[in-house]
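**Student:** Based on the sequences and whatever the hints tell you, model everything.
Protein chains: 2
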Amino acid sequence: MKKIIDPPKIDWPGLVLRPQNAPNEIAAIIDEIFAAVQHDGDKAVIRYNQLYDQNDAAIHKIDSATIAQAVDQLSDNLKAAIRMAATNIERFHAAQREVVQKVATTKGVICWRESRAIEHIGLYIPGGTAPLFSTVLMLGIPAKLAGCKEIVLCTPADKNGCIHPAILYAASLSGISNILGIGGAQAIAAMAMGTKSINKVDKIFGPGNQYVTAAKQKAQSIGVAIDMPAGPSELLIIADKTCNPQFVAADLLSQAEHGSDSQVILLSDNETTINNCLYELEIQLTTLPRKDIAQAALSNSSAIVLNSVASCIAFSNLYAPEHLILAMEHAAEQTPNITNAGSVFLGNFSCESAGDYASGTNHTLPTNGFARSYSGVSLDSFLKKITFQELSEEGIRNIGLGIELMAEAEQLLGHKNAVSLRLNSL
Amino acid sequence: MKKIIDPPKIDWPGLVLRPQNAPNEIAAIIDEIFAAVQHDGDKAVIRYNQLYDQNDAAIHKIDSATIAQAVDQLSDNLKAAIRMAATNIERFHAAQREVVQKVATTKGVICWRESRAIEHIGLYIPGGTAPLFSTVLMLGIPAKLAGCKEIVLCTPADKNGCIHPAILYAASLSGISNILGIGGAQAIAAMAMGTKSINKVDKIFGPGNQYVTAAKQKAQSIGVAIDMPAGPSELLIIADKTCNPQFVAADLLSQAEHGSDSQVILLSDNETTINNCLYELEIQLTTLPRKDIAQAALSNSSAIVLNSVASCIAFSNLYAPEHLILAMEHAAEQTPNITNAGSVFLGNFSCESAGDYASGTNHTLPTNGFARSYSGVSLDSFLKKITFQELSEEGIRNIGLGIELMAEAEQLLGHKNAVSLRLNSL
Chain A
1 MKKIIDPPKI
11 DWPGLVLRPQ
21 NAPNEIAAII
31 DEIFAAVQHD
41 GDKAVIRYNQ
51 LYDQNDAAIH
61 KIDSATIAQA
71 VDQLSDNLKA
81 AIRMAATNIE
91 RFHAAQREVV
101 QKVATTKGVI
111 CWRESRAIEH
121 IGLYIPGGTA
131 PLFSTVLMLG
141 IPAKLAGCKE
151 IVLCTPADKN
161 GCIHPAILYA
171 ASLSGISNIL
181 GIGGAQAIAA
191 MAMGTKSINK
201 VDKIFGPGNQ
211 YVTAAKQKAQ
221 SIGVAIDMPA
231 GPSELLIIAD
241 KTCNPQFVAA
251 DLLSQAEHGS
261 DSQVILLSDN
271 ETTINNCLYE
281 LEIQLTTLPR
291 KDIAQAALSN
301 SSAIVLNSVA
311 SCIAFSNLYA
321 PEHLILAMEH
331 AAEQTPNITN
341 AGSVFLGNFS
351 CESAGDYASG
361 TNHTLPTNGF
371 ARSYSGVSLD
381 SFLKKITFQE
391 LSEEGIRNIG
401 LGIELMAEAE
411 QLLGHKNAVS
421 LRLNSL
Chain B
1 MKKIIDPPKI
11 DWPGLVLRPQ
21 NAPNEIAAII
31 DEIFAAVQHD
41 GDKAVIRYNQ
51 LYDQNDAAIH
61 KIDSATIAQA
71 VDQLSDNLKA
81 AIRMAATNIE
91 RFHAAQREVV
101 QKVATTKGVI
111 CWRESRAIEH
121 IGLYIPGGTA
131 PLFSTVLMLG
141 IPAKLAGCKE
151 IVLCTPADKN
161 GCIHPAILYA
171 ASLSGISNIL
181 GIGGAQAIAA
191 MAMGTKSINK
201 VDKIFGPGNQ
211 YVTAAKQKAQ
221 SIGVAIDMPA
231 GPSELLIIAD
241 KTCNPQFVAA
251 DLLSQAEHGS
261 DSQVILLSDN
271 ETTINNCLYE
281 LEIQLTTLPR
291 KDIAQAALSN
301 SSAIVLNSVA
311 SCIAFSNLYA
321 PEHLILAMEH
331 AAEQTPNITN
341 AGSVFLGNFS
351 CESAGDYASG
361 TNHTLPTNGF
371 ARSYSGVSLD
381 SFLKKITFQE
391 LSEEGIRNIG
401 LGIELMAEAE
411 QLLGHKNAVS
421 LRLNSL
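Taken in order, these protein sequences are the chains called A and B. The numbering used here numbers the first residue of the first sequence as 1 and each following residue consecutively. The numbering used here numbers the first residue of the second sequence as 1 and each following residue consecutively.
Be careful, since some hints might not be right.
Pairs involving identical chains hold if they fit within one copy or between any two copies, as the list cannot separate such chains.
[To be verified] Each computed BS3-like pair below joins lysine-lysine, with the alpha-carbon atoms no more than 27 Å apart:
hint : residue 1 : residue 2
1    : K218      : K200
2    : K107      : K79
3    : K159      : K43
4    : K385      : K144
5    : K61       : K218
Just so you know, the hints here were simulated from the structure itself, not pulled from any lab data.
**Tutor:** In C-alpha cells form, the structure reads like this:
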C-alpha cells in the first residue's frame, strides 16, 4: 500500500483513478457466443458449458427434490444465519415500497405514479472458488418483494452438474424455483435472447468476471436492461485518531481479499493513525488464506494523509467509493457532506462485512466511480413506475389554452388539434 | 392504417413488433467524432458544428443579455403558457421527494437511504424544424429540484449562432445558465468526455436523431450514464363504444405527426368504433400540416379489433406502449390491470398532448417496448440513493455470529475476521 502525505489538490484527480484493465479481445468472443446462442439455442449453451465449465448436463431446471436434498447437507447454523440475513434484507427493502400519491397539479388535473414489477428477470450468480449465496439473497429477495412474475437464476454447475447447496437454499428462501446450471457469457446470452428452455428476460442482474460483464453490456446493447455497469470492488476508509487500527486493517483486508483488481484507500488527517493501521495490516495479512489476492489488491492501493477531515470527505466524494467506512468520532454528523458513495458505514462497529451479508442493505453497489451517477440495487431496480393522469372537463379547460399555444410554437398542430376538439366540445 | 380483426393470440408477438430501422453504418462515424473530440477538444466540436449545422460560432455560453433579449421576443401568452407548464411539472416532480426512513432491521442495526443529486448533468435538446422547449422543462425542472450542481444544455444553433428564444426562456425558468449552441453527436461527445469549454458530465439526458442516439450509447459504453435507451415515439389507444371518435383520431394523429417512424395502435372490442375512428382519422389527416409525416407513420400502424376489453389490455401489456390512452367507460377501474406502459391517460379528456406539455407528468418515456423494464424520467433520474448503516455494539453482537458463518461458507475469511475482531473486543 503506497503511503502519500498531503498531496496537493492538483494531484487528486490522478489519485482517484482506478487501476485500468488492459484492453482485451473479448468483445469478439462475446459476439460469437451471442450469435451461436441465437442460432443454435440450447445446443450452443450446452456446447459452451462443456467448453468452459466441463459441464455436460442437458439444460434443465433443478428439481425440488435436488434442492431439498442439498438443503439437508447444510448445517443448521448456516441455514439460520442465511435466514437471519434474508429477514433483514427483506425488512430494509420492504420499507422502500412507495405509497401512491395523487397530485392535483391544477384543478381537474390529477397525476400519479404506480409501481409495477418488471415481469421477467434473470439473475446471474458466478461460480468459481466461493459460492456467492449472499448475492442470491441480495437480488432474489427484492425481486420477490417487487412481485416479479418469473425469476430465472443461472449459475455454473460443477462437472457433475451440481450447484452449491447454499445457493439452492438462498434461492428457495427468495422463492426462486427456476434455477439452471449455466455459467458465463452463454447464460447471459440465453437470458437476453431466450432459448427453448429459457425464456427471454427483461432485465439481467448480478456480478461476474470480465466475460459476464462484457456479455451484460452486449445484452444492454440489444435492448435488455441490466442492473448497473460493473467494475472491480473497492473500499475507502476515513479514519481519525479515535479509530481502532485493528478494525480498520481488517476492513481493508476484507475488501482486498475480494480480487486482485480490488482497490482500498485509507484516508486520515493523522499520520500516526495511518501508520498504526498499516502496521496492523501487515500483521493480519500474514494469516489471511487469500493473502496473495489481497497483496495484489494492496499494490493498487494507497494510504493518504490529508490536512483535515473535511479534505478527507472532499477526496472521498471525488473518488465516489462503492463502500465508505467512517471510522471516526461523530461519524453520523458527516453524513450530510457525503455526496458520492454506494454504501456508507458509520463508526467503529459498522464493518463492510455487515452490509455484505446481513445488516439488510444491498451489497450490489456501483463501483469504479459509478456512484457519481448510479444507486445500488434496491426494490426500485425490480420495478417500473408508470405515470397516470386523469383530466376532467374542468382540467382540460384550465390547461387547454396553454397546451394549444405551446403545441403551435413547437409546430405540432396535431397536438394542438387534440386539445382544440375537446375545448370546442365543452 | 392496417385494420385487423380478432387476430389469434399466436399472431400477437408479431403484431407488437416495432418497425425496424435498417442497420446503419453510423457507429464508425460516432467513433470518429468521439476520437476527434477527445483529441482536439473544442476545435473538433467547432469543426463538426460547421460541417453538420453550418454554424461557425466559437464555443461559448449564451450570455444573459442574449437570453433576456430573446425572451423579449416571445409573446406574453406563450411565456404564460410555458410558466403554467413549468409550475405543473414542478408540482408533480416535487411530490416525488423521498422522506428519509431509518429502519432498525435488527436491534442495534440501523439502515437508511438518503438521496443526493447527480452533480454534473448534460441535457441535449434537438434542433431541426421545431424548437422542443417543452423537453427543456421536462429535464430542467426535475434537475433543478434534485439540486444538480451543474446543468449543461447543448442544442444546435442556427447559421447565425442563435438558439430559439423559447428554448432560452424554458432554460432560464429551469435555472439553467450554461447553454451552448452545439448539436448532434459532437455535443454528446463533448459532454461525455469534457473539453476546455465544457465540463465532463456524469449523466446525459434528452432525445435526438439516430446520430445522437448512437452517441449516447457510445457515452454509456465509456461510463457516462444516460436517461434511457431511445426509439421512435408511439401511442396505443384502447377505445370502447363510449369513446369520442373525433378525439381518438386527433390523438392518433398527434402521435403520428411526431415522425415518420412513429407508430400508433388502436384497439377496440367493437368494430364499429374502430371504423368510426378510422373515418375521422381520414378527415382530420387532410388538414394536418405535417400530413406526409403522419401518413408515413400510419403506414406502420394498425387498428385491431379484439374480442374483449380484457384482451385489449393484455395486448397492450404485451406491446408495452410509451403512451397509452384508455378512451373508455370506467377507465380508472382498469389501471390495476396495466402492467407495462410509460404513461397512461384515462378517459376522454386526458389527451396525450396534456402529458406532452402541461399536466405535470414527464414526457421523456420509454419507447420501443422498453416500458417492460424502464420507467420514464422522474426526480429519481437526477438522484442517486446512498445507503447508510450504523451498528452499535449490540447490533454487531446480534448479527455478528451469522456474518462469521456466512463469510466462512463463502471462503472469505478476511470478511469473517473483521467481525471476529469486533466481537472479541466486546
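**Student:** Please name the hints from earlier in the document that this structure breaks, with their numbers sorted from lowest to highest.
**Tutor:** No hint contradicted; all consistent.
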